[in-house]
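Asker: The primary structure of each chain is shown beneath.
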Amino acid sequence: MAKIEIDGRTVEAADGSTVLAAAERAGISIPHFCHHPNLAPEGTCRMCVVEIAGAVKLEPSCATIVREGMKIVTASPRIADARRSVLELLLADHPIDCPICDKAGECRLQDYCRDYGLSESAFGENKTRREKLFRIGDRLLLDRERCVLCTRCVRFLRDVAKTGELGVFERGGRTEIGIFEGIPVSDGYSGNLVDLCPVGAITDTAFRFKTRTWFLEPKPSVCPYCARGCLVDVDIHPGFARHPETGGILRVRPRPDATPAGPWICDIGRYAWIETESRRVRRIVWNKEDREAVLSGDRAFALLGARLRALAETGKGDRLTLVLHSGLTNEEWTDVAEFLGEFAGRPRVRIADPVEDDGDGFLRTSERTPNRRGAAASGVEILPFHPEDDCPHTDLLIVFAGIRGHLDFLERCRPAWSGIAAKALVSPVLTAADRDFDFVFPCAIPYEKSGSYINCDGRRLEFSAVRPAPDEVKAEGEILRLLRAEVRRTAEGR
Amino acid sequence: MTAPFTEDLRGRIADIVARYPERRAALLPVLHLVQKERGFIGPEDEIAVARVCGLRPVEVREALTFYTMFRRRPAGRHVLQVCTNLSCTLRGGERILDHIRMTLGIEPGRTTPDGRITLVEVECLGACDHGPCLMIDDVLHGELTGDKVEALLREISRP
Amino acid sequence: MSEKNLTRFFATAAPRALEDYLRTGGYEAARKALSSMTPAAVMEEVKGANLRGRGGAGFPAGVKWGFVPKSGEGPRYLCVNADEGEPGTFKDRYLLAHDPHLLLEGIILAGYAVGIRRAFVYIRGEYEELARRLEEAVSEAASRGLLGENILGSGYSLSVCVHRGAGAYICGEETALLESLEGFRGQPRLKPPFPAAVGLFGKPTVINNVETLTNLPGIVLHGAEWFLGLGKLGDGGTRLYGVSGSVVRPGVYELRVGARLRDIIFTHAGGMLPGRILKAVIPGGMSSTILGPDEIDVAMDCESLAAAGSMMGSAGIIVIDDSVPMLTVLDRITKFYAHESCGQCTPCRVGTSWIRKVVQRMMSGERRPDDLDTLVRLAGMMKGRTFCPFGDAAAGPVLGLIEKFRSELEG
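Chains as they are written, first to last, in our numbering: chain A, -2 to 491; chain V, 51 to 209; chain D, 57 to 467.
Hint data in this document are derived by calculation from the structure and do not stem from the laboratory.
Where a beta carbon is used, it is the ideal one built from N, C-alpha and C, also for glycine.
Hints may contain errors.
Just a few of them, taken from the derived set where beta-carbon distance is under 8 Å, the chain A residues facing chain D [stated by the list, open to error]:
no., residue
1, 42
2, 55
3, 89
4, 116
5, 118
6, 120
7, 165
Can you make the complete structure from the sequences, with help from the hints?
Answerer: Listed below in structure tokens is the structure:
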């Protein structure tokens, strides 16, 4: 450790740490554009400059390693002047896009201009016009007029994602970020570029023009799309009073402590919810003969509960097959166990998860569900679902389809379960197999649940619902509790 | 669709790469070589050079666009680089450039319609005591006068 | 009085053949060092001579060599900075054109002193013909056992590779040179670490200018005292002073360090062109602060020029006469730096282009009363605030020009 002095205070700094990092740890925030804690020091934006005793010039704190006895000043008129210069220079060619720029409210340039009292520009020449809608990836647009050339995007792709699609072209005042044609930023970790960009140069077509950031309320949760369990913030728009339909999830982003590897999430974790949200099941459906009726919760649970009761009372629990998935929370497995306890004959408890792939060698695991370990630790005896083996022995099938929809899986099962007398589907999204089932119960998405997962590292990750599930939608655990209550109610009533 | 590198060219490229402890260091010499052969460096050449140097195509483009001697588009048969830096200006360089512009009928950065000459303004060529200077391809010409320029232009305008 | 040391044989046909070089004592210093001196002894001699770098920064070469760790595994490299790009500078062109073997011998001595076995000559792309000549000289020398394996039977080996740049002035900056050599954009690197510790391919590296290295054979043969005696106290040897602009005899003049600027211009370079009056002089290449007509009695050595508010730089003297509007000078200067800025740091990238826009507007005739103040303010935003010294080079001349010629520029 090295003893250093920052703004008159003596602090201990880890050997080899930078002045900026040491200051942060001491609770002093130093403004910066090109610096990022998970990227190597760059030292080019010149915003983070500080005074170091003995140094003639202002030094970039992001790139200066602490030494024993170093005396640092992070704020002074000289420093403020230097930082104001940087801002003024960045504003010279910067377009006055704030009124239409997605980044407004989250923009470092805006924030620092406010902090350093810049409101007017002395730039009296013609601003250089540049490409404003340059597509660098499927979902990503680059606005070269807004770009401050911090090169965070280039460095992230090169050093963290290791795909390196972005490059710095030209030089001097003509410098710009670009790609080699035909090799755009690939899906994988592309969405992190939007977070990384300190201004609104890189934007996300999924989010562009959807809202103003200051309307959003970030709610913490855990990503449910694989076993990594990245910590995320789900940005919720509360909905305008007279237009409540404007409310909902608008964005999912990594939290600063998202993963040990850094504040990143993969593009699946960032974007998959969009498709899910667009296909939500919101009402309980009863497929009677060829008609589709919408049921109230009470009625639906009563109807299904009756069938379950029939099996329980006749000791034919073993004719019940539950198909679950590894997205259930640890707490929901308790609900599963308690539900199963109502049946003398042992119901078949089966798991059908999305097929594993190879993962991506970085954050995304080969497991595509968040809580296989929770399932294994639950004590409930679980086997993989084999439709051909399980369906012939089933009179009542309840399938809990997770957020992945399992379209392929459902398609394959249809022939096998076509002969089962009674079937219920619990799904968050509409599927082509809906019509096979007597009942379709809308299911909450994981963000609408409170509970915990055990991730691939064995860590227990707890989270609360970011919002209540809408309409008749309920989480799997709640559905099981209600069904159990139905099974018990009449028995007690007797 | 550019022709792939000839075996001879690939051999010369391999010789260059072998000179350096790291393949990437061969980038500038290889780009010079390819430009000498092709007259410019197009996207397919960028991809081929990237492969040879163990780089991504975008990294080749980063260097290609940084260094002013590399051309991304075909140039005329001759490239005329006129120095417009201070010492040459002090010796009448601006007038020389004007003379050339008017004779050729093109602005710097452009090629004559007959494809013979590309005119480029460049910074200091390191021959300030012979100003005003220009380079035609890799040959330096100094102490330029109107007459001398006329003669040079006639020479390179020949079919 | 001129002292012909490096330019002794400039009058003969260029380039000097190896035979000719050998005949006039060539490679004697290498022979002496390799056979009778330790590397440390060579380094001590060069340190004692206080040979200042001739590229522009003027940092003592021996001291720079001393920063390379004495022990340690793995290769170390010598990079010869032949990227001569400072406007007004052409001395290295002369050395390369006339006496490539003088450079090679200097390379051997530097390599031997620091324990280097591989040298790269980074030569600006535009010097294509000179690069070819140098490569021929390398082959020639190697074929005679003067380079390559086991030089002169000494056991010391050194290979030299000639590497062309491609049109970027910034690659004359040490760390940008390294980046460029490694195949990257020529953007300067963060320091520390310094090249002596972490340089080319991450290994300890010495970077020396062409002219600096050509001084080594003389120092090794005649000693540090001799070298110091040629110049002024502490700033020894001769310099190749380049003179260009409105003078009768532009050219390279080898003179003892400390020659007076006035003498260089009026005695050696023949004075002003007929009918012209001296209005200003840039003493050390474009990046040095301009001097007015009343400032040309300054001695051309590092200390004296610094004291005069300018710098020795690359000793590229540009003489400006009264027929040239200072606005034109400002225009050429700002055009150069805007074109050559690497663009990686905010103050230089934006500063040079904003300044350029103002000056272009001024040149078009559209003037505003606060233009000069704006330029001063912008240059002030760059000076001392950029990632590398290029920002100072871009700012200093603008500030100097406006300070000393404001009334003409305002006109």
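Asker: Next, verify each hint and record whether it holds.
Answerer: Status of the hints after comparison with the structure:
The beta carbon of residue 42 (chain A) is positioned within 8 Å of a beta carbon in chain D (closest approach about 6 Å), and the interface hint is therefore held. The interface hint given for residue 55 (chain A) holds, since its Cβ lies 7 Å from the closest Cβ of chain D, which is under the 8 Å cut-off. The restraint placing residue 89 (chain A) at the interface with chain D holds, with a minimum CB-CB distance near 5 Å, inside the 8 Å limit. Annotation: interface hint on residue 116 (chain A) violated; nearest CB of chain D at approximately 18 Å, more than 8 Å.
A distance limit of 8 Å between C-beta atoms decides the matter here; for residue 118 (chain A) the minimum to chain D is near 11 Å, and the interface restraint is violated. Satisfaction of the interface hint for residue 120 (chain A) is found here, the shortest Cβ-Cβ separation to chain D being roughly 7 Å, below the 8 Å cut-off. With 8 Å as the threshold, the beta carbon of residue 165 (chain A) comes within range of chain D, its nearest partner Cβ sitting at about 7 Å, so the hint holds.
Consistency note: the structure conflicts with the earlier hints numbered 4 and 5.
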